[in-house]
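S.K.: Chain by chain, the residues run as shown.
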Amino acid sequence: MRNEHIINLIENTPLASLSHDDLVAIQAHTEQCSDCLRAFQAAQISVFLLKERAAEQLEPSPFFNTRVLAALRERQTANQSWTWSPLWRAAGALASSMVATVATLAVLTFIIPGNQVASGPQISSLSNSYSAEEVLLNQSEQLSEPASDAQVLNTIYEEEAVR
Amino acid sequence: MRRYSPRVFRFASKFFRQRSLVEEAAQEVFLKAFTELGSFEGRGSMEGWLTRITTNTCLNLLRSAKRRPELTVSDLTEDETNWLDNKLTAAATEQHQSSERSLVASDLAARVLQTLTPDDQLVITLIDGEEASVKDVVKMTGWSESKVKVHAFRARRRMRKAIEKLLIREPGWNKSLASSRSSE
Chain A
586 MRNEHIINLI ENTPLASLSH DDLVAIQAHT EQCSDCLRAF QAAQISVFLL KERAAEQLEP
646 SPFFNTRVLA ALRERQTANQ SWTWSPLWRA AGALASSMVA TVATLAVLTF IIPGNQVASG
706 PQISSLSNSY SAEEVLLNQS EQLSEPASDA QVLNTIYEEE AVR
Chain B
268 MRRYSPRVFR FASKFFRQRS LVEEAAQEVF LKAFTELGSF EGRGSMEGWL TRITTNTCLN
328 LLRSAKRRPE LTVSDLTEDE TNWLDNKLTA AATEQHQSSE RSLVASDLAA RVLQTLTPDD
388 QLVITLIDGE EASVKDVVKM TGWSESKVKV HAFRARRRMR KAIEKLLIRE PGWNKSLASS
448 RSSE
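Residue numbers (the numbering used here), protein chains in the order written: chain A, 586 to 748; chain B, 268 to 451.
FYI, nobody ran anything at the bench for these hints, they're computed from the structure. It cannot be assumed that every hint is accurate.
Calculated lysine to any residue pairs in the SDA-like style (CA-CA distance at most 20 Å, straight line) [to be verified]:
#1 K416/B x L622/A
#2 K416/B x T662/A
#3 K636/A x D374/B
#4 K428/B x T662/A
#5 K414/B x E596/A
#6 K636/A x N353/B
#7 K299/B x T662/A
#8 K402/B x R652/A
#9 K402/B x E596/A
#10 K636/A x E347/B
#11 K299/B x R652/A
#12 K428/B x R652/A
#13 K416/B x R652/A
#14 K432/B x F633/A
Covered stretches of chain B, as calculated for chain A (at least 3 residues, CB under 8 Å) [claimed, not checked]:
#15 307–320
#16 393–402
Since this is a predicted model, take the numbers as computed values, not measurements. By construction, the Cβ of each residue, glycine as well, lies at the ideal position given by its N, Cα and C atoms.
Using the sequences plus the hints, can you model the full thing?
M.R.: Below, the structure written as structure tokens:
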């Protein structure tokens, strides 16, 4: 062991678990080998540092439990809202499609018939610009049945009587 | 929670020095425990179950923390440099231990540990710092025995090399070691 490097030994086993024989062998070897002496010293410092680190312990603050319970409640609320969110989204989509349908029906019911009503007087006003003779003559053209002289005269006189 | 929080807190404080991080870890442990209480089958102890949750939570937090690639002599504070010098002459080991020196040592330990991987940090802290057995760490982490041993070996090597690198800055370090040994 005196001629064997001890680096493997100190890396494989925690220093606290080294046996007495191991320690004697390490002592004997490090007297001759400066590399192993340095490694052993560094390993000792390393263990010492770790023990110092492990000895440092913190205690919970008096408000720790309250804080954890508050965080738990917050997380549960977040989870619940997350569970309901797809339903809310589906309901929103349904409501908006219903609104769109109602709006379409309203347009079809009120606005389009209104246009038809409005076009009625326009036609009548246009037709008013024609004289009775023209109407009768046009009608007679469309019907391709010639109006009799008596019909024409009656229409003219009726018109004049109204005026 | 009142019963177990001191234990969880003490366990988490082995891995984090900042109180805020320890609280964050402990809070996460209890939140997980509350939400996964149904998965606790009562086969083992509640303490063991919580220790396992704490170990995994601390490991996750260590993984998310920024890792220092390397610690150089220039990163050391004056106190840390003095501590190492004193350590070399064996003045700070058993003899002049003070709480202030412990604080410096603990700070230096945290800085050296930060150069290791999170898994290595966890294993070396538990085995070499806490003197936990390999089997204990296997229980806590759920890893295989060989994985724990490999991490312990690697962590010891990295830590030793990091410290050697800090010690080697002085050309006469060997002399101080020799003198410290002769005085023992």
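S.K.: None of the hints should be skipped; say for each whether it holds.
M.R.: Structure-based check of all given hints:
no.	hint	result
1	K416/B x L622/A	24 Å, violated
2	K416/B x T662/A	43 Å, violated
3	K636/A x D374/B	12 Å, holds
4	K428/B x T662/A	50 Å, violated
5	K414/B x E596/A	15 Å, holds
6	K636/A x N353/B	17 Å, holds
7	K299/B x T662/A	16 Å, holds
8	K402/B x R652/A	34 Å, violated
9	K402/B x E596/A	18 Å, holds
10	K636/A x E347/B	16 Å, holds
11	K299/B x R652/A	15 Å, holds
12	K428/B x R652/A	42 Å, violated
13	K416/B x R652/A	38 Å, violated
14	K432/B x F633/A	17 Å, holds
15	307–320	violated (count 0)
16	393–402	holds (count 5)
Of the numbered hints listed earlier, those contradicted by the structure are 1, 2, 4, 8, 12, 13, 15.
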